[in-house]
Amino acid sequence: MAALLRVEELSVGFDTEDGFADVVDHVSFDLEAGETLGLVGESGCGKSVTALSIMGLLPKPAGRIHGGDILFKDESLPRIPPDRMRAIRGNRIAMIFQEPMTALNPVQRVGHQLAETFSLHEPGLSTETVTRRSLGLLEQVGIPAPEQRLLEYPHQLSGGMRQRVMIAMALASGPDILIADEPTTALDVTIQAQILELLRDLQRDTGMAIIFITHDLGVIAELCSRVVVMYAGRIAEQAPIGPLFTHPLHPYTRGLLASIPRLDDEPKTLLTTIPGSVPGIEELPSGCRFVNRCPFAVERCHGQAPVIDAPAPGRKVACHRWREVNAGDAEARST
Amino acid sequence: MTSYFVRRFLLIVPTFIGVTVLVFVLTRLVPGGPIERMLQEAAMAGGDFAEATSGYDGLGGSALSDDQIAELEAYYGFDKPVLVSYVEWLGKVLVLDLGTSTRYNDPVWDTIKERFPISIFYGVATLILTYGVCIPLGIVKAIRHKTAFDNVSSALVFFGYAIPNYVVGIGLLALFAAHLEWFPLGGFVSDDFYALSGFGKVVDVLWHATLPLLAYTAGSFAVMTMLMKNSLMDNLAAEYVRTAIAKGMNFRRAVFNHALRNSLIPIATSFGSNISLILTGSFLIEKIFNIDGFGLLGFESLVERDYPVVMGILVISALLFLIGNILSDICVALVDPRVRFGSGESAQ
Ligand SMILES: Nc1ncnc2c1ncn2[C@@H]1O[C@H](COP(=O)(O)OP(=O)(O)OP(=O)(O)O)[C@@H](O)[C@H]1O
Ligand SMILES: [Mg+2]
Numbered sequence: 001m002a003a004l005l006r007v008e009e010l011s012v013g014f015d016t017e018d019g020f021a022d023v024v025d026h027v028s029f030d031l032e033a034g035e036t037l038g039l040v041g042e043s044g045c046g047k048s049v050t051a052l053s054i055m056g057l058l059p060k061p062a063g064r065i066h067g068g069d070i071l072f073k074d075e076s077l078p079r080i081p082p083d084r085m086r087a088i089r090g091n092r093i094a095m096i097f098q099e100p101m102t103a104l105n106p107v108q109r110v111g112h113q114l115a116e117t118f119s120l121h122e123p124g125l126s127t128e129t130v131t132r133r134s135l136g137l138l139e140q141v142g143i144p145a146p147e148q149r150l151l152e153y154p155h156q157l158s159g160g161m162r163q164r165v166m167i168a169m170a171l172a173s174g175p176d177i178l179i180a181d182e183p184t185t186a187l188d189v190t191i192q193a194q195i196l197e198l199l200r201d202l203q204r205d206t207g208m209a210i211i212f213i214t215h216d217l218g219v220i221a222e223l224c225s226r227v228v229v230m231y232a233g234r235i236a237e238q239a240p241i242g243p244l245f246t247h248p249l250h251p252y253t254r255g256l257l258a259s260i261p262r263l264d265d266e267p268k269t270l271l272t273t274i275p276g277s278v279p280g281i282e283e284l285p286s287g288c289r290f291v292n293r294c295p296f297a298v299e300r301c302h303g304q305a306p307v308i309d310a311p312a313p314g315r316k317v318a319c320h321r322w323r324e325v326n327a328g329d330a331e332a333r334s335t
Numbered sequence: 001m002t003s004y005f006v007r008r009f010l011l012i013v014p015t016f017i018g019v020t021v022l023v024f025v026l027t028r029l030v031p032g033g034p035i036e037r038m039l040q041e042a043a044m045a046g047g048d049f050a051e052a053t054s055g056y057d058g059l060g061g062s063a064l065s066d067d068q069i070a071e072l073e074a075y076y077g078f079d080k081p082v083l084v085s086y087v088e089w090l091g092k093v094l095v096l097d098l099g100t101s102t103r104y105n106d107p108v109w110d111t112i113k114e115r116f117p118i119s120i121f122y123g124v125a126t127l128i129l130t131y132g133v134c135i136p137l138g139i140v141k142a143i144r145h146k147t148a149f150d151n152v153s154s155a156l157v158f159f160g161y162a163i164p165n166y167v168v169g170i171g172l173l174a175l176f177a178a179h180l181e182w183f184p185l186g187g188f189v190s191d192d193f194y195a196l197s198g199f200g201k202v203v204d205v206l207w208h209a210t211l212p213l214l215a216y217t218a219g220s221f222a223v224m225t226m227l228m229k230n231s232l233m234d235n236l237a238a239e240y241v242r243t244a245i246a247k248g249m250n251f252r253r254a255v256f257n258h259a260l261r262n263s264l265i266p267i268a269t270s271f272g273s274n275i276s277l278i279l280t281g282s283f284l285i286e287k288i289f290n291i292d293g294f295g296l297l298g299f300e301s302l303v304e305r306d307y308p309v310v311m312g313i314l315v316i317s318a319l320l321f322l323i324g325n326i327l328s329d330i331c332v333a334l335v336d337p338r339v340r341f342g343s344g345e346s347a348q
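Sequence lines, in order, name chains A and B. Its first residue numbered 1, the first sequence is counted upward by one per residue in this note's numbering. Its first residue numbered 1, the second sequence is counted upward by one per residue in this note's numbering.
Calculated directly from the structure, the hints in this document are not laboratory data. Check the hints yourself; a few may be wrong.
Here are some of the chain B residues that sit facing chain A, going by a computed Cβ distance under 8 Å [unchecked claim]:
1. Phe121
2. Lys201
3. Glu239
4. Ile245
5. Asn262
If you want the ones that stay clear, here's a sample from chain B, every Cβ over 10 Å from chain A, calculated [claimed, not checked]:
6. Leu129
7. Lys247
8. Phe341
None of the values given here were measured: they were computed from a predicted structure. Glycine included, C-beta positions come from ideal geometry on N, C-alpha and C.
Using the sequences and the accompanying hints, generate a full structural model.
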């Protein structure tokens with residue numbers, strides 16, 4: 001079966017004051033209908049840019065897709081005319097953002113902003129239908145007293161409620177794909193958990209596919225069936241959730257996993273972190289981009305970018321030495 | 001929402017009292033206060049001093065009679081304790097008894113009242129022109145940021161801004177009235193105004209108003225246009241606009257349905273100070289075009305040391321300023337629900 005969404009060798013760059021900067025480099029992944037795909041990586045690795053490319057929302061004119069393709073149901077999103085893209089955007093593919101506090105228009109009532117989504121994709125609905133469906137959506141996303149909320153302004157809602165409203169707007173036309181770009185990062189922990197649970201329930205009930213973007217592998221574990229790990233604009237590793245946590249192949253993924261605090265850790269031990277920091281766009285190494293932070297780096301890693309290996313079905317890894325790295329692992333386990 | 005406006009209106013009272021205290025203190029404490037000045041002028045009537053101060057247009061320096069002085073003293077209550085005389089004076093101000101002009105011997109309120117229609121006409125026309133031009137222009141400039149249209153219009157509005165408005169006035173007068181004779185040399189209406197038909201009257205007023213209005217507004221486009229442009233550009237970059245576009249809305253509709261109203265908030269805030277500034281006019285332009293407005297009245301009264309009129313104008317402009325501020329608060333509250341409902345009082 002063909003995937004619902006295929007991102008193929010996507011390369012995206014920005015015109016900046018010091019020339020053209022490549023921020024997403026040959027990124028490929030598939031999204032099947034109904035699945036939840038996690039997209040993880042440190043801040044600045046290109047997660048949002050990838051998502052915005054899919055949505056056709058790259059900042060214009062600075063941002064540009066200059067290579068690869070994005071296929072949604074076999075339509076090439078970067079190549080379709082703008083009005084066709086508008087019919088897909090918010091309708092078949094919807095997106096929610098990191099900052100619920102600023103993502104809603106402060107001077108319009110919640111109900112108005114919700115109704116607008118209907119009017120965009122299903123013009124001609126009667127006011128009663130729109131109100132009824134808006135109420136239904138607010139109920140679906142767990143907002144109490146929805147009649148009253150429809151009449152309120154965003155500043156009268158808490159951050160968690162606003163994110164629920166954003167989710168409701170995204171659900172309005174029953175999209176095939178929901179892209180959630182760090183939807184819980186700005187919220188406090190209990191609210192975070194509620195929103196994650198909501199997304200999980202919604203996905204189960206509606207069958208939509210979700211691309212869940214985060215820098216937190218812990219969140220990924222709760223929600224996703226497959227994970228794409230990005231590092232400095234490239235894919236480091238791609239794997240189903242279970243194997244990724246039990247047998248991470250890429251040294252970067254191993255580092256990420258090691259830096260998740262665990263309950264069975266000795267209390268008050270230092271958290272493990274990956275030494276060093278993500279290279280800036282101007283100082284990207286010519287070989288593997290993780291080379292300056294990688295404990296396994298050898299000569300070859302400096303000179304030559306790794307090709308992507310597919311060690312098992314559904315698994316991909318971009319590392320010269322993933323075999324050696326994991327052989328060491330197996331050794332460690334067997335002793 | 002209503003309670004917000006009620007609170008806002010109640011605030012007029014203490015503010016107005018504050019303003020009147022200031023004006024009153026001026027009449028008392030400033031060296032050469034009205035009485036002293038009047039006495040001096042009266043004493044020197046016909047002498048060098050009067051000559052010097054009356055150079056303006058031969059009206060000033062007229063000797064004050066003992067009656068006039070007594071009247072002034074009585075009006076300001078110089079013979080009573082400060083507090084008593086302030087309260088009495090305030091009482092008079094409240095019923096618009098602003099004293100008697102020493103120049104015209106008319107009640108100050110009547111003198112001021114006469115100028116109202118002209119000043120209001122020019123004030124409102126300037127306001128409409130300024131907003132009518134700046135808001136659309138700012139919107140187009142924001143959408144077409146850094147295009148030729150944007151650059152050329154910026155150059156034009158800043159050119160207008162850089163030239164003092166009286167220079168614009170003199171230039172226009174010299175070219176279009178004196179040289180080309182397309183427009184009258186000045187005045188508010190023609191001498192035969194009352195003989196004209198209704199439509200003819202309108203045309204006559206507009207014909208007289210064209211040049212002064214151009215002079216008034218030429219410099220005022222820059223600030224408001226750039227304010228509108230920058231405010232809209234900020235909002236175009238805001239996340240809620242991206243949300244709207246992510247819903248599938250086209251850019252144009254996102255601009256007008258979402259960004260525009262938010263970007264009008266700073267414009268609404270500046271509305272109040274504009275309205276009062278514009279109503280009080282500019283004496284230079286009024287002088288150039290021979291318009292009998294507030295600005296000219298204030299200037300002539302100052303030169304003539306017609307203190308009752310000066311003080312009266314001060315009180316009236318302060319009141320206008322207060323009203324202007326309230327109007328802009330109302331405008332802001334109309335566009336911004338966060339003001340109306342208060343950020344704290346989220347409904348449960
Ligand atoms: N408008 C822009 N102009 C120039 N560079 C940009 C622009 N937007 C993003 N970038 C660059 O693209 C890179 C990737 O940014 P992106 O926002 O996708 O990161 P991210 O993975 O989403 O990070 P975060 O976790 O902080 O959201 C960054 O290095 C950033 O500097
Ligand atoms: Mg991001």
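Could you check the structure against the hints above and give me the numbers of any it violates, in ascending order? Violated hints (numbers, rising): 1, 2, 7, 8; every other hint is consistent with the structure.
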